[in-house]
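Let the sequences and hints guide you as you build the complete structure.
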Amino acid sequence: MRANLEEHVQQQAALREVLEQRQQSLLQLSAQRSFSEAALRTVVGDERRMCQAARAEVSTLRAQQMSWQERAARTSQASSAEVKRLRAELRTEEAACKEERAARKSQGLASEVRRLRAELREEEAACLEARAVRAGEALSPTHARGGHS
Numbered sequence: 003m004r005a006n007l008e009e010h011v012q013q014q015a016a017l018r019e020v021l022e023q024r025q026q027s028l029l030q031l032s033a034q035r036s037f038s039e040a041a042l043r044t045v046v047g048d049e050r051r052m053c054q055a056a057r058a059e060v061s062t063l064r065a066q067q068m069s070w071q072e073r074a075a076r077t078s079q080a081s082s083a084e085v086k087r088l089r090a091e092l093r094t095e096e097a098a099c100k101e102e103r104a105a106r107k108s109q110g111l112a113s114e115v116r117r118l119r120a121e122l123r124e125e126e127a128a129c130l131e132a133r134a135v136r137a138g139e140a141l142s143p144t145h146a147r148g149g150h151s
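For the sequence shown, my numbering begins at 3 and goes up steadily by one.
Honestly, the hints are just simulated from the structure, not real lab data.
Glycine residues also receive a C-beta, built at the ideal position from the N, C-alpha and C atoms.
For each label pair, taking beta carbons as the anchor points, the in silico distance ranges come out as:
| # | residue 1 | residue 2 | range |
| --- | --- | --- | --- |
| 1 | R133 | V60 | 52 to 58 Å |
| 2 | V85 | C53 | 23 to 29 Å |
| 3 | R116 | R136 | 28 to 34 Å |
| 4 | T44 | A127 | 28 to 34 Å |
| 5 | V85 | E124 | 55 to 61 Å |
| 6 | R119 | V60 | 33 to 39 Å |
| 7 | M3 | C129 | 28 to 34 Å |
| 8 | A65 | A40 | 34 to 40 Å |
| 9 | V45 | E19 | 35 to 41 Å |
| 10 | S61 | A104 | 18 to 24 Å |
| 11 | Q14 | C53 | 53 to 59 Å |
| 12 | M3 | V135 | 18 to 24 Å |
Calculated cross-link-like contacts (lysine to aspartate or glutamate; reagent style DMTMM-like; alpha-carbon spacing at most 20 Å):
| # | residue 1 | residue 2 |
| --- | --- | --- |
| 13 | K107 | D48 |
| 14 | K107 | E96 |
| 15 | K100 | E59 |
| 16 | K86 | E96 |
| 17 | K100 | D48 |
| 18 | K100 | E49 |
| 19 | K86 | E59 |
| 20 | K107 | E39 |
| 21 | K107 | E49 |
| 22 | K86 | E72 |
| 23 | K107 | E95 |
Written out as structure tokens, the structure is:
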């Protein structure tokens, strides 16, 4: 019985060590997730500001385009090539904004956050499993009799 008790104590110590390691790992993953989420928020904020600036520039270009079109209609001397150039410039700016947005998304921060969250869920499940094992051992017949045989 003493050997069983010693083995049980050793198992409990091993389980505690595994639990502590997993909890430490969980804390590290949580910190990594927080850092990645903060970085993602920064990137998203930067992207929003850049898109707002691009929209303002597009509005300016559209106003310029309208201005050129009005002058052409009034004076009939405006160059249709300039209007085409402004339209092409507008399309270029819009395409650049889309490319910039796609480039930011491809940096992979969102997938990193998803990966870290999945790891965190796995660690949490492992911790819950270790707790369930400990709880099951706590309810074992030997333990129920006060741990004595």
